[in-house]
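> Line order of the protein sequences matches chains A and Y.
The first sequence begins at 0 in numbering that gives the first Met the number 0 and counts up one residue at a time.
The second sequence begins at 0 in numbering that gives the first Met the number 0 and counts up one residue at a time.
Warning: the hint list may mix true and false statements.
What the hints assert, rightly or not - In silico BS3-like links for lysine-lysine, alpha-carbon gap of 25 Å or less: (1) A:Lys182 with Y:Lys112; (2) Y:Lys113 with A:Lys182; (3) Y:Lys9 with A:Lys182; (4) A:Lys182 with Y:Lys12; (5) A:Lys182 with A:Lys151; (6) Y:Lys82 with Y:Lys9; (7) A:Lys151 with Y:Lys9.
As the list claims (entries may be wrong) - Pairwise CB distance ranges (calculated): (8) A:Pro125 with Y:Ile116: 40 to 50 Å; (9) Y:Ile15 with A:Leu223: 31 to 41 Å; (10) A:Leu304 with Y:Leu77: 40 to 50 Å.
Keep in mind the hints are simulated off the structure, nothing from the lab.
All C-beta atoms in this analysis are idealised placements derived from N, C-alpha and C, irrespective of residue type, glycine included.
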Amino acid sequence: MFYVMSCPAIASATETMVGGAPLKPWWFWPVILFFFCLILGILAVMAGVGGGVLYVPLVSGFFPFHLDFVRGIGLMVALAGALAAGPGLLRRNLANLRLALPVALIASTFSIIGAMLGLYLSRLNPNLIQSCLGATIVGIAFLLLFSKNTEKPVVTKQDAIGLALGLQGVYWDDGARESVEWKTHRTLLGLFMFILIGLLAGMFGLGAGWANVPVLNLLMGVPLKVSVATSKFLLSITDTSAAWIYLNRGCVIPLIAVPSIVGLMLGSIIGVRILAVAKPKFIRYMVITVLLFAGLKALDKGLGLGILG
Amino acid sequence: MTAMDNQTIKPSKDQIIYANLLLIGMLSGIVIMTITYIIYVTGLLPSHIDMSVIATNWGKNINDYLEITQSPHGWGWLYLLGKGDFLNYIGFTLLGVLTIICYLVLVRGYFRKKYWIFFTISVLEILVLSLAASGLLGSGGH
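Start from the sequences, fold in the hints, and give me the full structure.
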């Protein structure tokens with residue numbers, strides 16, 4: 000990823016943006032974007048993060064597109080990835096519909112509000128949204144670095160809301176060769192957290208897997224495998240509502256959206272194959288570092304400090 | 000693993016239908032998107048906005064971009080389906096409506112089983128997604 004960012008093509012193309020007018024042919028940036036997203040897709044799988052969370056900060060930081068378009072396309076990228084993963088997760092019963100449905104209703108409703116708020120703030124003061132995005136990305140980098148998820152959290156007593164909604168289940172753990180029963184606790188607090196997650200996802204065009212998993216796993220006591228699978232499935236619903244707001248507003252430019260979506264999906268397929276022979280831990284730390292840098296860059300740009308160029 | 004475990008570990012029939020619909024829709028969406036993009040960039044159909052104009056303006060905010068390029072918003076793209084660039088919206092729209100279609104399966108299933116809480120949640124979700132898709136929220140005003 001460092002190589003891609005420092006490659007002469009990207010560096011020289013950035014230099015050719017004189018007075019906002021590109022001197023490169025129209026196809027130059029879409030082609031670069033396709034290969035960039037291909038690599039991003041590979042790294043996202045290996046680092047265990049969603050494509051959307053990498054796409055928005057990196058593309059807005061290193062490509063000449065306005066943040067309005069990057070956020071809209073970021074949501075389409077996250078949506079396509081979630082839709083692709085959904086069928087397999089549902090068939091294996093890893094993504095739990097009962098758990099996903101109430102949470103999705105809250106998150107998708109608030110992601111609409113987040114998207115509208117994001118577009119409003121962007122019109123009001125683009126630097127404000129850029130700074131908020133930067134701060135959020137820095138926060139996500141630290142969350143990914145320090146969050147220690149639990150494989151099978153211990154839930155001694157299910158709360159009343161979890162019980163009423165039937166938020167419990169059984170899944171087959173292939174590794175341990177056993178069926179694992181689970182149930183939720185602190186359900187009300189968890190549901191409230193999805194208000195915030197929905198707002199952030201819609202406002203910044205980020206897929207919200209980075210937030211869904213800790214809330215489901217650490218707060219509500221859902222086993223990690225079910226949390227990860229349900230979170231991925233959840234994105235197909237949450238991102239749909241926010242993506243519609245951006246799509247209807249005209250923020251999804253086909254010329255750059257399709258190379259992004261197809262590039263990231265192909266990259267994810269390649270990433271799954273590479274995963275078997277690579278060292279994901281190193282990749283994960285590298286991606287977190289790049290994310291941190293991209294967040295600081297967005298913060299720097301938004302606050303007009305000019306420290307990171 | 001007990002017989003009961005086997006029952007609960009297996010996904011429900013509605014869940015399988017949901018997964019199948021999602022798979023067919025997602026694959027169709029990606030194929031359509033790829034084909035329409037090829038039609039677009041090869042110039043088989045004329046574009047509403049010249050690609051060099053897009054490249055000159057993709058650094059501007061959405062309001063300025065729409066004004067300069069005279070692009071539609073909301074469902075206005077339907078009137079421009081004969082143009083290569085807006086033909087791509089068929090794929091985007093398919094990805095966008097997929098979840099709504101899948102939820103209709105859940106609504107039917109919950110209604111039959113009389114699971115009223117989840118029936119209500121599913122109906123509300125369809126309403127929320129349909130409202131977002133309708134273009135009534137936040138798509139106006141250049």
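> Work down the list of hints and note, for each, if the structure agrees.
Going down the list of hints, with the structure as the test:
Of the pairs offered as hints, the one joining Lys182 (chain A) and Lys112 (chain Y) holds, with about 22 Å between alpha carbons and a cut-off of 25 Å not exceeded. Distance check on the hinted pair: Lys113 (chain Y) and Lys182 (chain A) sit about 23 Å apart at the alpha-carbon level, within 25 Å; holds. Pair hint Lys9 (chain Y) plus Lys182 (chain A) holds up; C-alpha atoms about 17 Å apart against a cutoff of 25 Å. For the proposed pair Lys182 (chain A) and Lys12 (chain Y), the alpha carbon gap of about 22 Å is at most 25 Å, so the pair holds.
Pair hint Lys182 (chain A) plus Lys151 (chain A) holds up; C-alpha atoms about 11 Å apart against a cutoff of 25 Å. For the hint pairing Lys82 (chain Y) with Lys9 (chain Y), the CA-to-CA distance comes to about 47 Å; that exceeds 25 Å, so the pair is violated. Between Lys151 (chain A) and Lys9 (chain Y) the alpha-carbon distance is near 20 Å, which keeps this suggested pair within the 25 Å criterion. Taking the beta carbon of each, Pro125 (chain A) and Ile116 (chain Y) are about 43 Å apart, inside 40 to 50 Å as hinted.
The hinted window of 31 to 41 Å between Ile15 (chain Y) and Leu223 (chain A) is violated, with their beta carbons roughly 24 Å apart. In this structure, Leu304 (chain A) and Leu77 (chain Y) meet the distance hint of 40 to 50 Å, their C-beta atoms being roughly 45 Å apart.
Going through the hint list in order, the structure does not satisfy hints 6, 9.
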